[in-house]
Amino acid sequence: FSCENQNFTQHCIDLAELETLPARLKELTANYPDLNAVILNAGRGYFAELEQFSYQQIRTLTDLNFTSHAFVARAFIPHLKKVKAGHLIFTGSEAALKGAQKGTLYCAAKFALRGFAQALRAETARSGIRVTMINPGMVQSPFYDELDFQPGYETDNFILPEDVAEVIEQALKARDGTVIDEINLSPQKKVVASKQNK
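Using my numbering, you'd call the opening residue of the sequence shown number 1 and step up by one each time.
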């Protein structure tokens, strides 16, 4: 993927590389002492029956879809506690709400992330840190590029990235002392299209 974007100062980090991640995150926290919000939005979908996954795939997908988020939150929380303010926004998935066939690993990771965010919210509330969980349904995005399915083709079959960004902005702008705990964002009609039938 490309890290080129003139609107942002970017740092390319492979969040699945847990061995090097703490050192990279330490650099980030040192470089941004005024940071007051972290949006955790990493993940990859791979859907199959459990026995079709190798043991390494199980580890890699779990590390990226859950453990890396815990690492990122762990890196930034000490600073946010020190300034007694800040916001952690986790982008989860509708897969965190209900298990689905061929979604064993993805659903498990998103369930874990949702429970993590709920516990972290209780743990950090007295420190002035807000924690929000956003669970989008099917978003029209490159997420589906390597999958054999995608959202349906009608405009009410998918969410746009801009829809998710709007909800994130709303959570960030909430009055101090008010937290949007969790939002489930869904397309009006849930339609899954097979790419083979396109």
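Calculated directly from the structure, the hints in this document are not laboratory data.
The structure presented is a predicted model; accordingly, all values stated were derived computationally and were not measured.
Errors might be hidden in some of the hints.
What the hints assert, rightly or not - The calculated lysine-lysine pairs, modelled on DSS-like cross-linking and capped at a C-alpha distance of 27 Å, are: (1) Lys26 - Lys84; (2) Lys84 - Lys173; (3) Lys102 - Lys189; (4) Lys81 - Lys26; (5) Lys82 - Lys173; (6) Lys102 - Lys190; (7) Lys98 - Lys190; (8) Lys195 - Lys102; (9) Lys195 - Lys98; (10) Lys189 - Lys98; (11) Lys81 - Lys173; (12) Lys26 - Lys102.
Said to hold, decoys possible - Each pair of labels, with its calculated beta carbon distance range: (13) Lys84 - Glu27: 18 to 28 Å; (14) His11 - Phe143: 19 to 29 Å; (15) Val192 - Gly128: 40 to 50 Å; (16) Leu18 - Gly99: 43 to 53 Å.
Where a beta carbon is used, it is the ideal one built from N, C-alpha and C, also for glycine.
Going through the earlier hints one by one, which of them does the structure break, listed in rising order? 12 and 16
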